[in-house]
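The listed protein sequences correspond, in order, to chains P and C. Read left to right, the first sequence gives residues 1 to 113 (the working numbering). Read left to right, the second sequence gives residues 1 to 116 (the working numbering).
Don't read these hints as lab results, they were simulated from the structure. All figures in this text were calculated on a predicted structure; none of them were measured in a lab. A virtual CB, placed ideally from N, CA and C, is assigned to each residue, including glycine. Warning: the hint list may mix true and false statements.
Computed list of chain C residues with no C-beta within reach of chain P, every gap over 12 angstroms [as the list claims (entries may be wrong)]: (1) Ser-28; (2) Glu-52; (3) Ala-71; (4) Ser-80; (5) Met-103; (6) Arg-111.
Residues on chain P that point at chain C, a partial pick, calculated with CB under 8 angstroms [stated by the list, open to error]: (7) Met-41; (8) Val-88; (9) Tyr-95; (10) Gly-98; (11) Glu-101.
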Amino acid sequence: NAGVTQTPKFRVLKTGQSMTLLCAQDMNHEYMYWYRQDPGMGLRLIHYSVGEGTTAKGEVPDGYNVSRLKKQNFLLGLESAAPSQTSVYFCASSYGTGYNEQFFGPGTRLTVL
Amino acid sequence: AQTVTQSQPEMSVQEAETVTLSCTYDTSESDYYLFWYKQPPSRQMILVIRQEAYKQQNATENRFSVNFQKAAKSFSLKISDSQLGDAAMYFCAYRRPWGAGNMLTFGGGTRLMVKP
């Protein structure tokens, strides 16, 4: 099992450009999440999904969109990148709620110039 | 909204010694879950240990144990017999049992350095 994978691992964008981050999991998990991690801070939830075809806003959703067309994939889009979106982005998935472990991907380091 | 506070930005421990990392949280709920995650330089987030709030017994996982004080809203992590591989960022996290996809709310992290 590959677990949770993220594509790409690194990316540099210019202000105003768009891009999509891909997250894939092979554990048949229902729940998937996108977090961002800024220097000196813990992870903050951007968007999440509780199942195929569903998405919902998290703590810091502005400037991002997501889609969950297939159960195993969760896409994070930046339509018009801004320097404030420079961060490390983590995808996670879990089988259920509460006590269930969230499994994290390796992260994507995004720099917006 | 729940908040999680880790008051120690950095900690240092001698190899084979014991270290305790602090975490406090703020919540009005009686049922919830608490987690400690480790993030080594590779960036990979790794679950270290977890605790259910309704269980009074402190969780243990090999060299890792917690001191859960529900009334004080404190959840500290004790690492015994510290090893060089324990050097990493450690994040405390809180999770509600329902709502908002059961998101994790993280503290700001503590950087642990292990001296040989």
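Would you pick out the hints that fail for this structure and give their numbers low to high?
-> Violated hints: 2, 5, 6 and 9; rest satisfied.
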